[in-house]
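Chemist: Okay, here's what each chain looks like letter by letter:
2 protein chains.
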Amino acid sequence: MPLGERGGWDKSESRYCGLETDFNDDMPNLLSFNLSTAGFDFLLATLMDPTYRPSLMESSSNGACVLPFAGSDLVLSPSQWSSHVVGKISSWIDLDSEDEILRMDSETTLKQEIAWATHLSLQACLLPSPKGASCANYARCVNQILQGLNSMQLWLRIPLEKTDDDSVDSDQTIDSWELWNSFRHLCEHHSQLSVALNVLSSLPSANSLGRWFGEPVRAALINTDSFLTNARGYPCLSRRHQKLITGFFNHSIQIVISGKSVHSLPGASLDSAANHTDAQRHPLRPYLDYVAYLYQRMDPLPEQERFEHGYRDFLQSPLQPLMDNLEAQTYETFEKDCVKYIQYQRAISKALLDRVPDEEASSLTTVLMVVGAGRGPLVRASLQAAEETGRKLKVYAVEKNPNAVVTLHSLVKLESWENIVTIVSCDMRHWDAPEKADILVSELLGSFGDNELSPECLDGAQRFLKQDGISIPSSYTSFIQPVTASKLYNDVKSHKDLVHFETAYVVKLHSVAKLAPSQPVFTFTHPNFSTKKSNQRYKRLRFEIPSDTGSAIVHGFAGYFDAILYKDVHLGIEPSTATPNMFSWFAIFFPLRTPVCIRPGSSIEVHFWRCCGSSKVWYEWCVASPCQSPIHNSNGRSYWVGL
Amino acid sequence: MPLGERGGWDKSESRYCGLETDFNDDMPNLLSFNLSTAGFDFLLATLMDPTYRPSLMESSSNGACVLPFAGSDLVLSPSQWSSHVVGKISSWIDLDSEDEILRMDSETTLKQEIAWATHLSLQACLLPSPKGASCANYARCVNQILQGLNSMQLWLRIPLEKTDDDSVDSDQTIDSWELWNSFRHLCEHHSQLSVALNVLSSLPSANSLGRWFGEPVRAALINTDSFLTNARGYPCLSRRHQKLITGFFNHSIQIVISGKSVHSLPGASLDSAANHTDAQRHPLRPYLDYVAYLYQRMDPLPEQERFEHGYRDFLQSPLQPLMDNLEAQTYETFEKDCVKYIQYQRAISKALLDRVPDEEASSLTTVLMVVGAGRGPLVRASLQAAEETGRKLKVYAVEKNPNAVVTLHSLVKLESWENIVTIVSCDMRHWDAPEKADILVSELLGSFGDNELSPECLDGAQRFLKQDGISIPSSYTSFIQPVTASKLYNDVKSHKDLVHFETAYVVKLHSVAKLAPSQPVFTFTHPNFSTKKSNQRYKRLRFEIPSDTGSAIVHGFAGYFDAILYKDVHLGIEPSTATPNMFSWFAIFFPLRTPVCIRPGSSIEVHFWRCCGSSKVWYEWCVASPCQSPIHNSNGRSYWVGL
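Residue numbers (UniProt numbering), protein chains in the order written: chain R, 1 to 643; chain Z, 1 to 643.
Rather than coming from a laboratory, the hints here were simulated on the basis of the structure.
Quantities reported herein were computed from a predicted structural model and do not represent experimental measurements.
Check before you lean on any hint, since a few could be wrong.
[Unchecked claim] Below, a list of computed lysine-lysine pairs in the BS3-like style, where the Cα atoms sit at most 25 Å apart:
#1 R:LYS436 <-> R:LYS539
#2 Z:LYS532 <-> R:LYS111
#3 Z:LYS493 <-> R:LYS493
#4 Z:LYS111 <-> R:LYS539
#5 Z:LYS436 <-> Z:LYS394
#6 R:LYS539 <-> Z:LYS131
#7 Z:LYS539 <-> Z:LYS466
#8 R:LYS131 <-> Z:LYS539
#9 R:LYS111 <-> Z:LYS493
#10 Z:LYS493 <-> R:LYS496
#11 Z:LYS394 <-> R:LYS111
#12 R:LYS532 <-> Z:LYS111
#13 R:LYS111 <-> Z:LYS111
#14 Z:LYS496 <-> R:LYS496
#15 R:LYS616 <-> Z:LYS539
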């Protein structure tokens, strides 16, 4: 039974709560008590008798012995097995032990249990946490299993904070993220290997926790002893724990209650008989209730987030509006972004007021050209700005897409703008304008600012801007920041070619850990009448990863832009200054062919180039420190924007 | 004119000597003076007037200006250009300068000069050394050039020892190898990017120098001021320099004399008129003469090295003698290896003496079985051992290859061994022997010891060995060591697939830098009558790189074996204990998918597994430190040996 409804939430976004149980060979009863009676949604159930050791079996039994699994496959229906049981692999296994017998027993048992779980069509198995700092043999064995696995997921249990009990030097706390990082590197970032985080009573720093949201975390096991007790004696969680659980809900991470009840439940016995059901007698029911309460009290998703929900972490190729003509559907979508046009209208109003003093408002007509007018939203914003400021306007609407021009014509007719608006069906780079403009309005920005070739287009268009004319936008800057993004990395990798690793993608970033604040990359200012101007750019950036993050892995760079439309009116998606409620742009993602590991408190140096050829513009990028990556996308061989 | 002949050397192995010259627009005279007159073989000649700067050219000249190259393409014949001139790119270029104009000028000039060199069909161009510690923009530009280059090589000039002149902190000497390593990483190990080492008067440590022999060094520029003066006033080199130059000769690295004459050449003017030719008047001729002298006095290549010369650094797939039957040619080659059979004969003799006391020599017949008898060399060695020791022998020669059995039969007939030798045409794992053996002789070893499945074969064969019987070999151990091997890495990479990166190759290692002494990996002992024995193995090794090596790159692991035939008689290819003059085995090479960089004085941890399935045996390997590699060859998906 899901954790109840959350306002404005899609049914498909229901969240469930599981329970970790000990070995019990009466599976039907185990399910009945914990699910039907207590209300948990699934069990994390031990599959094999924990006393089993292959080396202790009679080798002479010659096929007569039966492996001590918890019941046969027939004790539950196939759908019960697959929907309600996640298999828990024997926790005693230790493939990196010094003891060779234990190592051999562990490998045999692990393979037998996975084979059994596969036979039962379980959706996932929980692998016990690696015992020591080294996990190569464990990873080798799991990697072998992954090569031939059906669709089952393997969840590697990782304690959120791990202290090395064996270590004499008490400073030597192992960063458990590093354990995961080693393991998944050894297993080549296999997409069926994911994490089950074990949440304990103490939590690492927020930066350290943040890394996990870029990782494939599928479940969070909350130990009962990480709960506090509220005034009425019921379990509750610290504010930091609550925030973490909310993060898990937001990232579709399953919650699992683990451990024995540590609360005496005063309420249960005092409740009135009417409410006193079996369910409430289950000792762990109060923990489930509390998790459900946390879920239900979450704020509903805002409209924009709901709209963008389906795009989360989904890689899209950036538009090529210069080479390709946009489709009606695309115009339709972008024109709905009121916030953007309000910002344009504010910028145009300010420019009109600056350009035309009040006393000349009725005599002076400002020539405004919208270059890349599309189906007309910026024409409308311009006319509204004129009306708002009481300035007289003459508008040229220049658009290269003949299909959009059709719509533009009917808009002008419909709105009776014929005397004010002249439609020009032409590429702005080639138009022979009949007069010069006071204001040049354009919206040619991509997620990374210049990546839809706004600089090249406006270089062409500024021919018909007066020397003292205004360009809206007057400048724009791209930004990047290093991110952990396992999901994106695996999606890129799944294409198994170089091209996809050297391509930038438009993507609604969600399961991503941002490792350092973003920094500016390239800036373009318009108009730029310098004779020596070039649109080539080269930038070298160094990002310091906060030392309390611990080690981190960089799968690539998230890119954004911020545009100054006019004076203090800006527009952008750079996280710290992003224009609220604007949905026209997702971020851009530049992948790295090989993820880069960063040591605690250390930095990553990255170089970005914007290169221009005769028929295309492209980016190249590389990491120079802590290790050198190859230069990505040399000569734009994999990804480029056509002129 | 080559540097003369070296004893026992192939003509194709002639060595040449070049000369670095300053800019001179009279190319014909430059060639005539330095090559025809003085005797150098080629010039490293500046292509462009060093005062040229693109930004200083009149931008209004509108195509009227000519780039200031050293003469037109017509001043030399095409073959003169391509055989006698290596282009030297303007040494002032600095693509990583803070000065943007200089950066832009540098990029423009570099591209113009490379285009000119391509036009002239030069075989190579020398790129100036990166100016500072950072070289990303330089590498980006060179990488762009490499993407579209014809067959021309680019030699990056790297000083053998570089001190950072700009550095305030005098301890901060830059390891110039790191500069090269950064550059080539950024350029993805491109096969046309190589090194021209600039040898100066001081040399780094032997370990530091050793790294370069695993790199694609094409030329060594010897500065005249690195020469000393001998008693007669002539230039000569220190012993360490001499040794280095000899190393260059052995690795086909071209020598280039660089700089002005710093010796007053007393001999030149005192020489008798008869010898007083123009050639001797060239101020740099004594340097050339000295280099030629060093070449000519080198020892001739030993017979075995000459035989193996053609196999140097050439990747071969290991034999699969168990799955495939060897061909006659293969038997022919291996049977020529006298040294190997002498060792076997010594081992068998010792075993016979131990087994049969002198007093029973005439009464006791020892049963000896040669398993994998091939065409009979071990049968012969056994009979010779019997003769040598005066022991009586009964020999069974077991061979699975029916084609080899044909030869075996005729050998036995030819040598009249019919009464002593019984031929058994059967796989040793399935043979039902009529009696048990005292001595089991086999030679089933691969370059990595167990990699041709000797353990599995002998497990099958030991059924018919007496409980107190002797196996020859009695044990064997594999060894590995980390190596720099650019050539091998690039050859593996050229296949552009995963399979080749997860395959072990048999290879005559030559252009390889061995970074640490080899360490034992897996040992097998025979006979092994334990009931719990397994041929699976797991080994974790840590190699310390000597701290005076500096940083290093590991492209993979060189593998060897050593076998104890009997007591103190061993046989093997592990470098420190290798059996001299034995040529049956080259080393084995396990590549890494991503080369691993090791910081100075640091170590590399590697894990190797020998895994056994029902129909195959395979290795898996990974690097666990300083960073995690993926596990290579999981489940033997890329490389395995069939049972």
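Chemist: None of the hints should be skipped; say for each whether it holds.
Modeler: So, going through the hints one by one against the coordinates:
About 35 Å separates the Cα atoms of LYS436 of chain R and LYS539 of chain R, which puts this hinted pair outside 25 Å; it is violated. Only pairs whose Cα atoms come within 25 Å are accepted, and LYS532 of chain Z paired with LYS111 of chain R is accepted, the gap being roughly 20 Å. With a CA separation close to 18 Å, the supplied pair LYS493 of chain Z and LYS493 of chain R stays within the 25 Å bound. Distance restraint check for LYS111 of chain Z and LYS539 of chain R: the Cα-Cα separation of roughly 21 Å lies within the 25 Å cut-off, and the hinted pair is therefore satisfied.
About 11 Å separates the Cα atoms of LYS436 of chain Z and LYS394 of chain Z, which keeps this hinted pair within 25 Å; it holds. About 18 Å separates the Cα atoms of LYS539 of chain R and LYS131 of chain Z, which keeps this hinted pair within 25 Å; it holds. Note on LYS539 of chain Z and LYS466 of chain Z: the hinted pairing is violated, with a Cα-Cα distance of about 31 Å set against a maximum of 25 Å. Restraint check: the Cα-Cα separation between LYS131 of chain R and LYS539 of chain Z comes to about 18 Å, which is no more than 25 Å; the hinted pair holds.
For the proposed pair LYS111 of chain R and LYS493 of chain Z, the alpha carbon gap of about 34 Å is over 25 Å, so the pair is violated. For the hint linking LYS493 of chain Z to LYS496 of chain R, the alpha-carbon distance of about 15 Å falls within 25 Å, and the restraint holds. Our distance criterion of 25 Å between C-alpha atoms is broken by LYS394 of chain Z and LYS111 of chain R, whose separation comes to about 48 Å. Taking the CA atoms of LYS532 of chain R and LYS111 of chain Z, the gap is near 20 Å; set against the 25 Å cutoff, the hint holds.
Of the pairs offered as hints, the one joining LYS111 of chain R and LYS111 of chain Z is violated, with about 58 Å between alpha carbons and a cut-off of 25 Å exceeded. Taking the CA atoms of LYS496 of chain Z and LYS496 of chain R, the gap is about 11 Å. The hint holds against a cut of 25 Å. Our distance criterion of 25 Å between C-alpha atoms is broken by LYS616 of chain R and LYS539 of chain Z, whose separation comes to about 52 Å.
Hint compliance for this structure: hints 1, 7, 9, 11, 13 and 15 are broken, all remaining hints hold.
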